[in-house]
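**Q** With the hints in hand, could you dock these two chains into one complex?
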Amino acid sequence: MSSEPRIVEVRRNVLKHNDQVAAALRERFAGANLFVVSLVSSPGSGKTAFLEKTLTLLKERGYRPAAVVGDLATANDANRLARSKAPVKQITTGTLCHLEAAMVDGAIADWDLNELDFLFIENVGNLVCPSSYDLGENMRVVLLSVTEGEDKPLKYPTIFHGADLAVITKTDLGEAVEFDRAEAKKNIQSVRPGISMLELSSKNGQGMEEWMKLLADRYSDVRQK
Amino acid sequence: MHELSICLSLLDVAGEEVERQGNPQVEAIYLKLGPLAGVVKEALLSSYELARAATPFAKCRLVIEEVPIVVFCSKCNGERPVHSIQNFSCTECDTPASEVIHGRELQLAALELVE
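For the record, the sequence lines run as chains A and B. FYI, the working numbering numbers position 190 of the first sequence as 190, with every residue one higher than the one before it. FYI, the working numbering numbers position 54 of the second sequence as 54, with every residue one higher than the one before it.
These are computed hints drawn from the structure, not numbers from a lab. Honestly, I wouldn't trust all of these hints.
What the hints assert, rightly or not - Sample of chain B residues with no beta-carbon within 10 Å of chain A, all distances over it, derived:
no.: 1; residue: Asn23
no.: 2; residue: Glu65
no.: 3; residue: Arg80
Said to hold, decoys possible - Stretch-level coverage of chain A by chain B, calculated; a stretch enters the list once three of its residues show a Cβ under 8 Å from a Cβ in chain B:
no.: 4; region: 15-24
no.: 5; region: 154-163
Unchecked claim - With a straight-line cut-off of 20 Å between C-alpha atoms, the simulated DMTMM-like cross-links for lysine to aspartate or glutamate are:
no.: 6; chain 1: A; residue 1: Lys16; chain 2: B; residue 2: Glu115
no.: 7; chain 1: B; residue 1: Lys59; chain 2: A; residue 2: Glu4
no.: 8; chain 1: A; residue 1: Lys89; chain 2: A; residue 2: Asp105
no.: 9; chain 1: A; residue 1: Lys16; chain 2: B; residue 2: Glu19
Model, not experiment: these values are computed from the prediction. Ideal Cβ positions, reconstructed from N, Cα and C, are used throughout, including at glycine.
Here chain B stands alone, though its shape is the one from the complex (with noise of 0.2 Å):
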């Protein structure tokens, strides 16, 4: 269970860039989470509530939005999604793929602010 760690992470991120606009008042925060970040999204979401208490961050929301998997299919010449994470293989042609163009992500995407 690394999600605590990885809360104190983004709420670290999040801090940084509530300060580079002026230390507003955060309503949401809004996550990215793919199935390759090795992150999963209601672990995270019960360590968010431990991690939130006792910070700026007390009653802001923390949106998850999962991304999935999208990767370069060499044979469609495309992007392409895969059957599923254990089998990593085209879905229009099952070419198995290894370029990855999404489904990394572990991204704070977006602020929701009230000035």
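With the rest of the complex left out, here is chain A (with noise of 0.2 Å):
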């Protein structure tokens, strides 16, 4: 004899697995006065390239900075990172297209976060999945270079709806390419209404004295809290 079937609230969130790693990594960061800054973009957009300028800049203003990288299958990037002489650790996540708190969580395992005052974690190049997942991250940034076209955000609002700031990168190129800037911004600000923009190029290094002194501010108010 079978019973008619009953409905049970459940009311859980499905990547809450990921969500309490992430809320203990968060958690972790404060206690270490770090400041957790994540990476989003498509692949070519420039996140290594400006990574590696930032960590060479934050190095030579005294900071301790450190990255996570992860990527389907090369250790390119982390190579090219190492060049800043800051460390550097490669998540290869296979066929996987995103990263997970715990990858994260096991990347810096064996990194005292005492010692560092900065983690970047560049996640894979893909505009749609990283946006599902917290990394612990204090700030989320997503990059959009000028050669990709003026409507990216309208295309993928998820991802720049979800992040802290929106970054404009390979500005050098801008006029090659007729990058409409005011389009680009208008379009962010529709999905992600009052996002911080900045312009920069990690090649002539247009821009990046602004986004040092957004990083040097974040990281004075970690320290003070």
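**A** Okay, structure coming up:
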């Protein structure tokens, strides 16, 4: 004899395990006065060049940055970033299109976080999947290169909506590709009203000073807490 | 495509809940999905077919309820829909919105159980 089905309310986040690991990471980061930035973008938008420049400039200014980079197959990005002399760990995700909090947790396991000021987490180049996963970061940065077109934010609204800062990269190429800055910024604001935006070139250094200032300000906020 | 990972997490969380309920038979999983969750409904449904095979959920249906975006509009001083995910402003007064109330859900809402 079968009884009537009954509905049991559950209300649990599907990614609760990831959320728990991310929350624990966030607590550890805060305890170590570490400011953590994650980077998301499509492949080829200049994440690694931007990060290499960022690590180098931070080191020049006496900060202690480190980076974790996610990639599907190679360790090329980590090798490039190692030129900055900052500690770098590669997470090779295989076929997985995004980083999860547990992977970050594993990658930083043998680092003493108290010895660091900044941690950068470079996600796999992908504008869809990384948006679902909290990595315990303080700030999520989405990159958009001028070569990608002004309407990218409208095509991938979720990743822009989940970000805290939008960075337009490769501005040195803007003229060559007839990049419409005003249109791109309008589209970013349409998807994520009020988001902070920066325009910069890792190649010629334009805008990098503003980025350094933003990092220094956010870092001192973290220290004061 | 990360919907397969999402489905595996879903079955994981559902499995914990079923165990808590004393391991009854599960007829259906009810999922709430918001447009800001970064998950595609169709991809989720087809991934689910793969994920549930050879699990206790092999015959269990996945029912997805799509939750619309609701924001708190500071000008209207109330909860409002937005024009679209691309045009994130209040449908009443066109004020750009930054406070999301609904739309991020990726939530196991309920289970349909047979004792």
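**Q** Taking a Cβ-to-Cβ distance below 8 Å as contact, does the region 154-163 of chain A have at least three residues touching chain B?
**A** Three-residue rule met by the region 154-163 of chain A, so holds; n is 6.
**Q** Could you check that no beta carbon of chain A comes within 10 Å of the beta carbon of glutamate 65(B)?
**A** holds, 13 Å
**Q** Taking 20 Å as the top limit, are the C-alpha atoms of lysine 16(A) and glutamate 19(B) close enough?
**A** holds, 17 Å
**Q** Evaluate the condition: distance from the CB of arginine 80(B) to the nearest CB of chain A exceeds 10 Å.
**A** Holds, because the least Cβ-Cβ distance between arginine 80(B) and chain A comes to about 13 Å, which exceeds 10 Å.
**Q** Hinted pair, alpha-carbon criterion (20 Å max): lysine 59(B), glutamate 4(A). Please report holds or violated.
**A** holds, 17 Å
**Q** Quickly compare the C-alpha distance for lysine 16(A) and glutamate 115(B) to 20 Å and report which way the hint goes.
**A** Measuring from Cα to Cα gives roughly 27 Å; hence the hint is violated.
**Q** With a C-beta cutoff of 8 Å, work out whether three or more residues of the region 15-24 of chain A approach chain B closely enough for the coverage to hold.
**A** holds (count 4)
**Q** Assess, step by step, whether the Cα of lysine 89(A) is no farther than 20 Å from the Cα of aspartate 105(A), and give holds or violated.
**A** holds, 11 Å
**Q** Grab the minimum beta-carbon distance between asparagine 23(B) and chain A and tell me whether it stays above 10 Å.
**A** holds, 13 Å
Hint violations for this structure: number 6 only, all remaining hints satisfied.
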